[in-house]
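Colleague: Each chain is listed here by its residues.
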Amino acid sequence: MALAWFICPYKRANPGETPPSRHCAMNDFTATIRADGGDWSETEVLGDHALVKVRASAATLTAINAAAGFVRVPGHVDLNDTLGDLTAGQRQAILDKLLALGYPQAEIDAALPANWAAVTLGQVLRFAARRRLKPRYDQNTDTILLDGDVQPVRPVESVAAAVQ
Amino acid sequence: MQLGTRRPYVYIGAFPTAPLLDDFNRADANPAGGNWSSPVAVSSDGVRVVSNQLGPTGLGGSGYWNVQTFGPDQEVRAKWPSVGLAQHQYLRIVQPGVGTVDGYKIFWLGSITAQIKRLDDGVETQLGADITISAADNDLVGARVIGTTISIYVNGVPPASSTRTDSTYTGAGYIGLGLASGSGRWDDFRAGTL
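These protein sequences, in sequence, are chains X and C.
For reference, each letter of the first sequence is one residue, going 1 to 164 in our numbering.
For reference, each letter of the second sequence is one residue, going 1001 to 1194 in our numbering.
One chain only, chain X, in its complex shape (with noise of 0.2 Å):
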């Protein structure tokens, strides 16, 4: 067995139909991750994308990383971990996927230093878990928007204790 985090987006549960519902897009594989005898547990952050550890086979969790939309923080689990031997590579996606996340580059920037070899996994995933927002549909376009009022993230810390 093995763990990693991963940033996973949410996906529409009923298309077409009300009362609409989303979850997380890790829940795809769920059978699967409970066939390893794993679990995951996830935080719901900006851009309608989660924080998710998974505790699952290391084949479960290539397949994992995969799947669209679904970026893996290579080679650490422990928030307490330095970043420093991540490539510049494997650094940008990070980064790019924060900022598709809706994090302004600026505000990236005043966070997190360029030179990652200081730069801790929980300074990366608490920065990510920075904030929420309220959901709410539009039913024109049945379309399911996340651009309400700023809501309470579930800590990372509370994520990384329920998965071991």
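Just so you know, the hints here were simulated from the structure itself, not pulled from any lab data.
Given the structure is predicted, the values throughout are model-derived calculations rather than measurements.
Here a beta-carbon is modelled for each residue, glycine too, at the ideal position from N, C-alpha and C.
What you were told as hints is all true, and nothing was included just to trick you.
Beyond 12 Å from chain C on every Cβ pair, some chain X residues (computed):
hint: 1; residue: Leu-3
hint: 2; residue: Asp-78
hint: 3; residue: Gly-89
hint: 4; residue: Arg-126
Pulled a few chain C residues facing chain X out of the computed Cβ check, cut under 10 Å:
hint: 5; residue: Leu-1119
hint: 6; residue: Glu-1124
hint: 7; residue: Ala-1129
hint: 8; residue: Thr-1168
SDA-like, lysine to any residue: derived pairs with alpha carbons at most 20 Å apart:
hint: 9; chain 1: C; residue 1: Lys-1079; chain 2: C; residue 2: Ser-1134
hint: 10; chain 1: X; residue 1: Lys-11; chain 2: C; residue 2: Asp-1130
hint: 11; chain 1: X; residue 1: Lys-134; chain 2: C; residue 2: Gly-1171
hint: 12; chain 1: X; residue 1: Lys-11; chain 2: C; residue 2: Asp-1121
hint: 13; chain 1: X; residue 1: Lys-11; chain 2: C; residue 2: Phe-1107
hint: 14; chain 1: C; residue 1: Lys-1079; chain 2: C; residue 2: Val-1157
hint: 15; chain 1: X; residue 1: Lys-134; chain 2: C; residue 2: Val-1042
hint: 16; chain 1: X; residue 1: Lys-11; chain 2: C; residue 2: Thr-1113
hint: 17; chain 1: X; residue 1: Lys-11; chain 2: X; residue 2: Gly-102
hint: 18; chain 1: X; residue 1: Lys-134; chain 2: X; residue 2: Arg-12
hint: 19; chain 1: C; residue 1: Lys-1079; chain 2: C; residue 2: Asp-1188
hint: 20; chain 1: X; residue 1: Lys-134; chain 2: C; residue 2: Thr-1148
hint: 21; chain 1: C; residue 1: Lys-1079; chain 2: C; residue 2: Thr-1132
hint: 22; chain 1: X; residue 1: Lys-97; chain 2: X; residue 2: Val-71
hint: 23; chain 1: C; residue 1: Lys-1079; chain 2: C; residue 2: Asp-1187
hint: 24; chain 1: X; residue 1: Lys-11; chain 2: X; residue 2: Gly-148
hint: 25; chain 1: X; residue 1: Lys-134; chain 2: C; residue 2: Thr-1170
hint: 26; chain 1: X; residue 1: Lys-134; chain 2: C; residue 2: Gly-1099
hint: 27; chain 1: C; residue 1: Lys-1079; chain 2: C; residue 2: Ala-1014
hint: 28; chain 1: C; residue 1: Lys-1079; chain 2: C; residue 2: Asn-1035
hint: 29; chain 1: X; residue 1: Lys-134; chain 2: C; residue 2: Ser-1167
hint: 30; chain 1: X; residue 1: Lys-97; chain 2: X; residue 2: His-76
hint: 31; chain 1: X; residue 1: Lys-134; chain 2: C; residue 2: Val-1098
hint: 32; chain 1: X; residue 1: Lys-134; chain 2: C; residue 2: Gly-1097
hint: 33; chain 1: X; residue 1: Lys-97; chain 2: X; residue 2: Gly-69
hint: 34; chain 1: X; residue 1: Lys-134; chain 2: C; residue 2: Val-1094
hint: 35; chain 1: C; residue 1: Lys-1079; chain 2: C; residue 2: Asn-1052
hint: 36; chain 1: X; residue 1: Lys-97; chain 2: X; residue 2: Ala-25
hint: 37; chain 1: X; residue 1: Lys-134; chain 2: C; residue 2: Asp-1102
hint: 38; chain 1: X; residue 1: Lys-134; chain 2: C; residue 2: Thr-1100
hint: 39; chain 1: X; residue 1: Lys-11; chain 2: X; residue 2: Asp-147
hint: 40; chain 1: X; residue 1: Lys-97; chain 2: X; residue 2: Pro-74
Based on the hints, put chain C in the right spot on chain X.
Modeller: Chain C alone, transformed into the frame defined by chain X:
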């Protein structure tokens, strides 16, 4: 030595502790009326009393106990006569019946699966993974929310990996029941503040 200000430990008994509020043993009523208001979800039909059970007024429906709000810490339990029919329970419901309904929903999909969801202006967001359960007809199913922890129970026993953490809605709210099909029924409704 200065005394601290720790909150006293409050023991909450084994699930359920809530009293029986409605066994529905009375004449049919459509809508249920009385202590039941409908709907919880704005897109839903209501609830009625039929054959000494709670049923929907349409191809599904939802309603809430209107006598009082409960909680913040609260629980619900009811008898699920037919596990082949998906049904719901609601906790910490605020602004029921309008597009801005918030709170938590337990979705009992069937005999082997349940989901815990958060309602945000009527949008459902599943919290965590599908929960594997083992339920049979007439089982007693329910849920508790204590602080930021939501737990489900089947016959008083929590299934594996069946708690979720969410801090969005922490105040008092209504408790309700819902049905996803015209043949769905609930019985022996218990609800209360913990």
